Amino acid sequence: GAGVSQSPSNKVTEKGKDVELRCDPISGHTALYWYRQSLGQGLEFLIYFQGNSAPDKSGLPSDRFSAERTGGSVSTLTIQRTQQEDSAVYLCASSTTGTNYNEQFFGPGTRLTVL
Amino acid sequence: RKEVEQDPGPFNVPEGATVAFNCTYSNSASQSFFWYRQDCRKEPKLLMSVYSSGNEDGRFTAQLNRASQYISLLIRDSKLSDSATYLCVPSLSGGYNKLIFGAGTRLAVHP
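Those protein sequences? They're chains A and B, same order as listed.
For the first sequence, the residue numbers in the numbering used here are 1 to 115.
For the second sequence, the residue numbers in the numbering used here are 1001 to 1111.
It is worth saying that the hints were derived from the structure and are not from the lab.
Treat the hints with care, since some could be wrong.
To be verified - With a straight-line Cα cutoff of 35 angstroms, these simulated DSBU-like cross-link-like pairs (lysine-lysine) come out:
| no. | chain 1 | residue 1 | chain 2 | residue 2 |
| --- | --- | --- | --- | --- |
| 1 | A | Lys-57 | B | Lys-1002 |
| 2 | B | Lys-1002 | B | Lys-1079 |
| 3 | B | Lys-1002 | A | Lys-17 |
| 4 | A | Lys-57 | B | Lys-1079 |
| 5 | A | Lys-15 | B | Lys-1079 |
| 6 | A | Lys-15 | B | Lys-1042 |
| 7 | A | Lys-17 | A | Lys-57 |
| 8 | A | Lys-17 | B | Lys-1079 |
| 9 | A | Lys-11 | B | Lys-1045 |
| 10 | B | Lys-1045 | B | Lys-1002 |
| 11 | A | Lys-57 | B | Lys-1042 |
| 12 | B | Lys-1045 | B | Lys-1079 |
| 13 | B | Lys-1042 | A | Lys-11 |
| 14 | A | Lys-17 | B | Lys-1042 |
| 15 | B | Lys-1042 | B | Lys-1002 |
| 16 | A | Lys-57 | A | Lys-11 |
| 17 | B | Lys-1002 | A | Lys-11 |
| 18 | B | Lys-1042 | B | Lys-1079 |
| 19 | A | Lys-57 | A | Lys-15 |
| 20 | A | Lys-17 | B | Lys-1045 |
Computed from a predicted model, the values in this text were never measured in an experiment.
I would like the entire structure built from these sequences, with the hints used as guidance.
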């Protein structure tokens, strides 16, 4: 079956511009997560959705970052007024529920480069 | 102190070798534990869950020591295809499965 998909796969933008990153989770997965991975670093948690609500958004680094999820499915991560330090791979994952030992399946990521 | 500490490597080993990776985690509230594998410029994929009694999956054996907050992964009979970065991932159970990723240990298996 179809896995987690993300678009675009690559995004190059200029400092100060806004960007939107999209995630399509596996059908039926109620839990959705956003992470980012800077070069040579581990994955950094950004936000967790259960259905359309975000009970944990503690990882969002600043108020320039926001995310929403609609219809319990597609999620969009928006970065406003991008900065060079926002350059990273943004990964989305989904799982059947949010409970322990439910495997998180990752999408291929969006590579964001801010010039 | 980092939440998850791993030796970044790289571990360069010949095919057929046995190699072990260790990981320590700082949050004693961690409930579940995993090893993920990440190939270069790819997304992470679950390799195996780690259970309290230790568990084995083919050539891979995972051990957990809660008292020492220590997790290990042993790979026997290494294959070229095992070359990847191995991520140690405890999770917190604050109502959901919040994964805390280590930076990973890089393994390079050579002929």
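A quick look at each hint next to the structure:
1. Lys-57/A - Lys-1002/B: With a Cα-Cα distance of about 20 angstroms, the restraint between Lys-57/A and Lys-1002/B holds, given a limit of 35 angstroms.
2. Lys-1002/B - Lys-1079/B: holds, 31 angstroms
3. Lys-1002/B - Lys-17/A: Measuring from Cα to Cα gives roughly 33 angstroms; hence the hint holds.
4. Lys-57/A - Lys-1079/B: Not satisfied, since the Cα-Cα distance of roughly 40 angstroms exceeds 35 angstroms.
5. Lys-15/A - Lys-1079/B: Judged against 35 angstroms, a Cα distance of about 44 angstroms means the pair is violated.
6. Lys-15/A - Lys-1042/B: holds, 26 angstroms
7. Lys-17/A - Lys-57/A: holds, 23 angstroms
8. Lys-17/A - Lys-1079/B: violated, 45 angstroms
9. Lys-11/A - Lys-1045/B: Holds, at roughly 23 angstroms.
10. Lys-1045/B - Lys-1002/B: Since the Cα atoms of Lys-1045/B and Lys-1002/B sit roughly 22 angstroms apart, the hinted pair holds (cutoff 35 angstroms).
11. Lys-57/A - Lys-1042/B: holds, 25 angstroms
12. Lys-1045/B - Lys-1079/B: holds, 18 angstroms
13. Lys-1042/B - Lys-11/A: Status holds; Cα separation ~16 angstroms.
14. Lys-17/A - Lys-1042/B: holds, 27 angstroms
15. Lys-1042/B - Lys-1002/B: holds, 24 angstroms
16. Lys-57/A - Lys-11/A: Holds: Lys-57/A and Lys-11/A sit about 23 angstroms apart, inside 35 angstroms.
17. Lys-1002/B - Lys-11/A: holds, 30 angstroms
18. Lys-1042/B - Lys-1079/B: Status holds; Cα separation ~19 angstroms.
19. Lys-57/A - Lys-15/A: holds, 24 angstroms
20. Lys-17/A - Lys-1045/B: Between Lys-17/A and Lys-1045/B the Cα gap is close to 32 angstroms, so the pair holds against 35 angstroms.
Hints 4, 5 and 8 from the list above are not met by this structure, while the remaining hints are.
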